Amino acid sequence: MPPRSRSQSPSAELLSSQLGIDSISEADYFRKSPEFRIWLRDEKGKYFDELTGERARHYFRKFAKAWNRGKLSESIYTGNAATKTTQPASSNTAYRWSFASGDSKVNMAELKSAREAVRRATYGDEPVQVVSSSLRSPIGPTLPPGSSLSSSDRTLQREAEIENAKQERRVMNKRTRERLEDEDGGIGPKQVGREGTMEKKRARREEDRAMRDRKEDGGLEIGEDFLMGAGSSDSFRAAIAKRDAARARWAEKKQVDNSGTQERRAALRAKEAETMAMFQNMAKERFG
1015 MPPRSRSQSP
1025 SAELLSSQLG
1035 IDSISEADYF
1045 RKSPEFRIWL
1055 RDEKGKYFDE
1065 LTGERARHYF
1075 RKFAKAWNRG
1085 KLSESIYTGN
1095 AATKTTQPAS
1105 SNTAYRWSFA
1115 SGDSKVNMAE
1125 LKSAREAVRR
1135 ATYGDEPVQV
1145 VSSSLRSPIG
1155 PTLPPGSSLS
1165 SSDRTLQREA
1175 EIENAKQERR
1185 VMNKRTRERL
1195 EDEDGGIGPK
1205 QVGREGTMEK
1215 KRARREEDRA
1225 MRDRKEDGGL
1235 EIGEDFLMGA
1245 GSSDSFRAAI
1255 AKRDAARARW
1265 AEKKQVDNSG
1275 TQERRAALRA
1285 KEAETMAMFQ
1295 NMAKERFG
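Count along the sequence shown starting at 1, add 1014, and that's the number in the numbering used here.
The hints are simulated quantities; they were obtained by calculation from the structure and are not laboratory data. Computed from a predicted model, the values in this text were never measured in an experiment. Check the hints yourself; a few may be wrong.
[To be verified] PhoX-like mimics (lysine-lysine), calculated; alpha carbons at most 20 Å apart, straight line: (1) K1268 <-> K1285; (2) K1256 <-> K1285; (3) K1285 <-> K1267; (4) K1268 <-> K1214; (5) K1079 <-> K1058; (6) K1085 <-> K1046; (7) K1268 <-> K1298; (8) K1060 <-> K1085; (9) K1076 <-> K1060; (10) K1046 <-> K1058; (11) K1267 <-> K1256; (12) K1046 <-> K1076; (13) K1058 <-> K1076.
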């Protein structure tokens, strides 16, 4: 059996001689992406954005075979189909916006009326000056003519926009808090850290001092009417008696506490004296 020839097939030779087109392989996946997208849409009824990476590679292998066999339309080989700039964006995806379809219920007259109402509410009756986009100065760094952002550049740009939005929200929240604090006259706890801790300690000391003062007064609280001489004498005498009784109870409790403390101290001193006497006797017996 004679060995198989590795020469090009007639269709491939015709493709190379008449059109000047070279054969392609899977390595041309990115280089032939525009032609592949058109073939995928027209021949297979599929859209590149809907395919996974594995499925896209699978279909590109079929596209490469059809390319090398000369089975594609001449417009794809010559690049006319891939270089058309007038193709709508909808040709690259199967998604259709609701407002772009003929079945949309949006009334153009109502839309124009709503825009006019928004313009009047924003600018009043003054005419709006339209600034040409060609005269408007760009914000941020500009790209050289004919260049476009790569995927990584677009990702960085989105991240920068998100970070800027977060920073603006933080600034706005801070300004809002400051405005609210100015409006309420500084009411509310503002001290934090060491100053806040010292403020709490001062408040606690004042509460303890007030509690001690009430205990020394026997817990008696006399209203202003008694202090100013208002009210009956019986109620005044009752208040005095209540105060004296409270003072007596407080003094008795203090005396009991003091007596118990004195008894414990006396017992402790007696025990210490007994221990010292024992050590002295032991020393006399041992050393004479």
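Going through the hints against the structure:
1. K1268 <-> K1285: Not OK: K1268 and K1285 at ~26 Å, beyond 20 Å, violated.
2. K1256 <-> K1285: violated, 44 Å
3. K1285 <-> K1267: Cα-Cα ~27 Å, so violated.
4. K1268 <-> K1214: Cα-Cα ~31 Å, so violated.
5. K1079 <-> K1058: Judged against 20 Å, a Cα distance of about 15 Å means the pair holds.
6. K1085 <-> K1046: Holds. K1085 to K1046 sits at ~16 Å (cutoff 20 Å).
7. K1268 <-> K1298: At roughly 45 Å apart (the allowed maximum being 20 Å), K1298 and K1268 break the hint.
8. K1060 <-> K1085: Satisfied, since the Cα-Cα distance of roughly 19 Å is no more than 20 Å.
9. K1076 <-> K1060: holds, 14 Å
10. K1046 <-> K1058: Holds, at roughly 17 Å.
11. K1267 <-> K1256: Holds, because 17 Å separates the two Cα atoms, which is no more than 20 Å.
12. K1046 <-> K1076: At roughly 13 Å apart (the allowed maximum being 20 Å), K1076 and K1046 satisfy the hint.
13. K1058 <-> K1076: With Cα atoms ~11 Å apart, K1058 and K1076 stay inside 20 Å; holds.
Going through the hint list in order, the structure does not satisfy hints 1, 2, 3, 4, 7.
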